[in-house]
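Residue numbers (this note's numbering), protein chains in the order written: chain W, 23 to 440; chain A, 23 to 440.
Please note that a few of the clues may not be correct.
Computed list of lysine to aspartate or glutamate pairs in DMTMM-like fashion (alpha-carbon distance at most 25 Å, straight line) [to be verified]: (1) K402(W) with E354(W); (2) K345(A) with D131(W); (3) K324(A) with D131(W); (4) K324(A) with D128(W); (5) K101(W) with E378(A); (6) K101(W) with E296(A); (7) K273(A) with E394(A).
Rough simulated footprint, nothing fancy, chain A against chain W, three-plus residues with beta-carbon under 8 Å [claimed, not checked]: (8) 140-151; (9) 218-231; (10) 362-374.
Residues from chain W that keep clear of chain A, each with C-beta distances beyond 12 Å, as calculated [what the hints assert, rightly or not]: (11) G71; (12) A184; (13) A352; (14) N356; (15) G431.
Worth flagging that the hints you see were computed from the coordinates, not collected in a lab.
Beta carbons: idealized from backbone N, C-alpha and C, even for Gly.
Spelled out from the first residue to the last, the chains are:
Number of protein chains: 2
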Amino acid sequence: MGERHHSRRGLLALGGAALAGGAAAGTLTGCRSDSHTTAAPADRVPFYGTHQAGIATPAQDRLAFATYDITATGSAQEKRAALRTLLRTWTAAAAAMTQGRTVPGDNTDLNAPPADTGEAYGLPPANLTITFGLGTSLFDDRFGLADRRPAALADLPHLPPADLDPDRSGGDLAIQACADDPLVAFHAIRNLARIGRDTVVMRWSQLGFGKAASNGADQQTPRNLMGFKDGTRNIHGDDTALMDQHVWVGKETDQTWMRGGSYLVARRIQMRIEGWDRDYLADQQNVFGRYKYSGAPLTGSKEFDTPDFKAKGADGQPVIPAKAHIRLAAHENNGGIRILRRGYSFTDGIVAASGELDAGLFFIAFQKDPREQFVALQRKLGMNDALNEYIQHVGSGLFACPPGVTAPGRSWAEELLA
Amino acid sequence: MGERHHSRRGLLALGGAALAGGAAAGTLTGCRSDSHTTAAPADRVPFYGTHQAGIATPAQDRLAFATYDITATGSAQEKRAALRTLLRTWTAAAAAMTQGRTVPGDNTDLNAPPADTGEAYGLPPANLTITFGLGTSLFDDRFGLADRRPAALADLPHLPPADLDPDRSGGDLAIQACADDPLVAFHAIRNLARIGRDTVVMRWSQLGFGKAASNGADQQTPRNLMGFKDGTRNIHGDDTALMDQHVWVGKETDQTWMRGGSYLVARRIQMRIEGWDRDYLADQQNVFGRYKYSGAPLTGSKEFDTPDFKAKGADGQPVIPAKAHIRLAAHENNGGIRILRRGYSFTDGIVAASGELDAGLFFIAFQKDPREQFVALQRKLGMNDALNEYIQHVGSGLFACPPGVTAPGRSWAEELLA
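Chain W on its own, in the form it takes in the complex (with noise of 0.2 Å):
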């Protein structure tokens, strides 16, 4: 039967007998040029470009996020090799997912486990991306890849507010995949484990279930389970000037084959919901330095007003005030550091120790060098912000995420496992 990568609309169109019997090869041919005939329609992100999708696009309602420890056994050459077939492997899987067909490989056989696990049969591609990353464990000495490993992939120091739980931190590998449907999201999370069993076993993942920052010029700013819009100030995706300078690995790496690419920094910031939720009016505001319902700066009436961090009071104190959290995240206070943020909302049941709401934040953000960057303003934040009041980092992560594959047949990460 050859390549089966079948449209997941294709697929429906078989009646059960047809399946049964010896037709369903036939069938499927025909559904199968379904899905290759139109070029990028609304719901469908290209997989193959310069750089990854799923950092510039838009994002999209849901967030699946996991992370893997490789399994694999033997030298640091035969881990090297499994780790290079697994990414083969995962590379042609999400090339077919994000653009609506199932997992290649045979889904029709009654007598062996379908390729797919099937639940996303009939749904659209729902603008699917899947981005990969490589996590600072993989370059120590299992693999050989201690030389390769880039500067700008340092650990990550001790940041306050954090009291980080290993279970949630960390990760030879990760996946971010983000879909307008969250079953599209996980089935893509879900079918790459399965592909990888005998070399990858999940570490930890976070669905993330209302995005929570904007990164698309015509996107309502969202807002935060504090209420607050979240990303009025961030990068847009389409902004390639932006991009160029803070996003995007440039010549100024000290390794090639993250040129085109991205750090990806993942936190998983849990919020005192209860807590936050007996403040005052004034006082929320004065946190954040926005006003809660037109998320304007407390300069300004609009949302998109430029903040004036100079302006004072009738009472001579700054109006937006010195712990205020956008002013101590501000370009303009930070010697022009940006990052792309690209987090998602998630809450996940009941803390057991305290009985409150696990819900929070969970915390992306893009850019080319972590230590300059994200680090930089944590460090700061952690210090001064007085949103850590209501706040506490559990879960952290950090990825190197390389450039895009560029046509069908390679893979990710392939330069630096050549």
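Let chain W serve as the given structure and place chain A on it in line with the hints.
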């Protein structure tokens, strides 16, 4: 300022300056009327009615389910009074939130916590429904309600395959919030917890991220996480004859306060996904008794073909195997018993003990008498269902959902607590 149910959209029109100054009250009055001028737009489900919304209502895309334990102290009479006050406040808040308005109370006083937590400001109603239920534990001796307990609200017996976690089971009260936007659904259970914090504490919660059973005539049947269509033969909410026969409590009840209500059974059903994914396609299809891709019964070719349970293959064996899920669950084979299923898929990371994905079906079913419906069906399924090899019930709840609130000023369970 009088009533302050603000339109979630209306509040957005407020600039920061208007809110900061004394002009806020006048501005809000103008905005508020927005939400009262149009009758039942496409994305708004009426709150008031004979029955509670969220049962016959076609399943929305997302679920936030929570149960709460009552912490009020004092005599039975005092505790009942506290419960009555809580339900009056909850009902008014639910009525407002389902219509896209903020939680009643002051959201603009700078020197007080806002009445509404704010993360849903600016979002449409998203077909939010909030369905309320009373747990079996409410009818112990704490509230003097033991003699008002309906016979149909009998504690569920042990029903294999189950290994129930008490931290995911039971609760004095339950809220099922469903909406097409997960943030809107979460906002509902969070704000009810907040409003009730002197009277209740959240016991457990569950998010559902893809509806797993169709209960609407014109809906596409969704797939569960095993990749199979689920709900093909479900009761449709607009089929009033079947609803009266199987779902709504009628004259037969021993407790008149439940007339027009229904009983909600919730089961957190964990799937052994990794094992399932290794199973052959033919076995998977035999477990369900349906074709995976088309959803047709093994005796048919189209999804809605009626299964022929008598049909035999060339080998003399039944085409739909004796232990197939659809055979055991079919009303034809259960003396006509039916339930309305309204469950959602879930995934909550990884099970620490096994390292497998913690994912499955959050089963929700409505019926007029659980003893004769869910319990009878599950007893049979528990003994024979081929699916049992791949699932385990790990959480459980049974709740009496009283009839609908018929007009503003009235409350959930008013007749019970009168």
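Verification of the hints:
For the given pair, K402(W) sits about 14 Å from E354(W) by alpha-carbon distance, which is consistent with the 25 Å threshold. In summary, the hint linking K345(A) to D131(W) is supported, as the alpha carbons are separated by about 22 Å, within the 25 Å threshold. Distance restraint check for K324(A) and D131(W): the Cα-Cα separation of roughly 20 Å lies within the 25 Å cut-off, and the hinted pair is therefore satisfied. With a CA separation close to 22 Å, the supplied pair K324(A) and D128(W) stays within the 25 Å bound.
This hinted pair checks out: K101(W) and E378(A) have alpha carbons roughly 23 Å apart, not beyond 25 Å. A hinted pair counts as satisfied when its Cα atoms are at most 25 Å apart, and K101(W) with E296(A) qualifies at roughly 24 Å. Taking the CA atoms of K273(A) and E394(A), the gap is near 16 Å; set against the 25 Å cutoff, the hint holds. Counting residues of the stretch 140-151 of chain W whose CB lies closer than 8 Å to any CB of chain A gives 5, so the stated coverage by that chain holds, three being the minimum.
Only residues whose C-beta sits within less than 8 Å of a C-beta in chain A count toward coverage, and the stretch 218-231 of chain W has 8 of them, enough to reach three; the restraint holds. Given as covered by chain A, the stretch 362-374 of chain W passes the check, having 6 residues with a CB less than 8 Å from a CB of that chain where 3 are the minimum. A cut-off of 12 Å between C-beta atoms confirms that G71(W) is not in contact with chain A; the least separation is 29 Å. Non-interface call for A184(W) relative to chain A: holds, since the shortest CB-CB distance, roughly 20 Å, exceeds 12 Å.
No beta-carbon of chain A comes within 12 Å of the beta-carbon of A352(W); the shortest separation is about 17 Å. The non-interface label for N356(W) is consistent with chain A: the shortest C-beta to C-beta separation is roughly 24 Å, beyond 12 Å. With a minimum CB-CB distance of about 27 Å to chain A, G431(W) clears the 12 Å threshold, and the non-interface call stands.
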